[in-house]
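Work the whole structure out from these sequences, hints included.
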Amino acid sequence: MTAKPETAGGDEALFEYLLRLGDNALILGQRLGEWVSNGPTVELDIALGNQSLDLIGQARMLFDYAGRVEGKGRSEDDIAFLRDVLDFRNVLLVEQPNGDFGQTVIRQFLYGTYASALYERLSGSTDNELAGIAQKAVKEMAYHARHSGEWVVRLGDGTEESHGRVQAGLDFLWPYAHELFIADDIDRTMAERGIGIDPSDLKDDWLEVVTGVIGRATLTLPETNWVPDGGKQGRHTENLGYILSDLQFMQRAYPGAEW
Amino acid sequence: MSTNKEWPLYEVFIRSKQGLAHQHAGSLHAADAQMAVENARDVYTRRGEGLSIWVVPAAEITASSPDDKEVMFDPADSKVYRHPTFYDVPDEVECL
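These protein sequence lines are chains A and B, in that order.
Residue numbers for the first sequence follow my numbering, beginning at 1 and rising by one.
Residue numbers for the second sequence follow my numbering, beginning at 1 and rising by one.
Simulated from the structure, these hints should not be mistaken for lab results.
Please note that a few of the clues may not be correct.
Unchecked claim - If we take Cβ atoms under 10 Å as the criterion, some of the chain B residues that face chain A in the derived model are:
hint: 1; residue: Trp7
hint: 2; residue: Ala30
hint: 3; residue: Met35
hint: 4; residue: Ala40
hint: 5; residue: Val43
hint: 6; residue: Thr85
Backbone N, C-alpha and C define an ideal beta-carbon position, used for all residues, glycine too.
If you want it as C-alpha cells, here you go:
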C-alpha cells in the first residue's frame, strides 16, 4: 500500500498509522501468548498471559478504529485474521522468537519502554479516539516496562547462567530495536497533523532508560552497525508467516466461525 | 529457568474497592518482596479486585497451634452474654 494522505474514501495515512500500532500489539501479544502453560513459574505464566491480553486488547481497539477510518466495512477481526504477511506493518522486533525467558524479557523491556513513552505522547493526540486508546495503553505498557526491566536486572545480575542467557537475548535483539525510532513519511505526516509523533524524538529518553537498566543488570550493550528494518513497510522476517499460520488458522479453515 | 531452588512463600493480602481492611487472598512463591507484589498483582488482582496489596513472608507469621485449639477457643463458647442480643433495637435505628 502506498502512502497517500487524505485521499477520498478514507484517511490512508491515519489508517496506515493505526495498523502499525495495532500490528505491533497483536504480534507481540501473540508471541507472549505462546508462553501460556510454558512459563518458568505459574506466577510468570499468568504474568505473561496478562501482558499478552493487554496487547491484544490494544490491537482490538486500534483495528476497530482503523476499520472505521478505512471506511470499507472491515471489522477488527477482518483486519487481524484476513491479511497476509505483506500487509502487516509491525516492526521486526516484535515478531522475533521468544527464545528463552531471558530473551522474551529483553524483547518486552525494549518494546515496553518504547511503547509506554509513545502512548504517553499519543495521549495528547489531536485525534480524540487515538488519544483515548493511548490513555488506556500507557498504563499497561508502563507496567510491562517495569516488570520486564526488573527481570532484566534480576537475571543479568543473577547467576552466571542467567547473566549469559539474558546477555545472549540482548545481543540477538538489540539490532532490531532501532527500527522503532526510524521515521518515514507516514510518521512525519502524522506528526505534522498532531495525530501522531515522530518516533525519532523518543530515542534519547529511551536510550537513557535502557542504558540505565542494562548497567544495573551488569549487561553490555552490543556494538553493531547492522540495523534491520522494513517491518513498518511490510517487509518481514520469515518468523511472521509462522506466527500468522497459528494466529489465523481458525478463520482461514472455518471462515466466519464464531463461538 | 534451570534452577529448582524453591523461592520463599509469601502470604498475600488485598484491599478491595469496597473493603476497608486488607484481607488474606492466598499465597505464592517469589524470590523477593518486590517480585511477590508483582506476582500478587498478576495472580490476585487481574479481575479488578484490588486497590492495595500487602505481601508478608509466610515464615514471619506467628500462628496459634492447632493443638491449643480447645484451650484457646472453647472457653468463648459458653459466654452468651458477650453477644449483644439481650436488648431491643428501637425501630428508628436503621443502620445496624
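Structure-based check of each hint:
Hint on B/Trp7 holds. Least Cβ distance to chain A is approximately 8 Å, under the 10 Å limit. With a cut of 10 Å, the hint placing B/Ala30 at the interface with chain A holds, because the nearest CB-to-CB distance is about 7 Å. Hint status for B/Met35 relative to chain A: holds, with the closest Cβ pair at about 7 Å, below 10 Å. For B/Ala40, the interface hint holds, the least distance from its beta-carbon to any beta-carbon of chain A being 9 Å, beneath 10 Å.
Interface restraint check: B/Val43 against chain A, minimum CB-CB distance 6 Å, threshold 10 Å, status holds. Interface hint at B/Thr85: violated, since its Cβ lies 45 Å from the closest Cβ of chain A, which is beyond the 10 Å cut-off.
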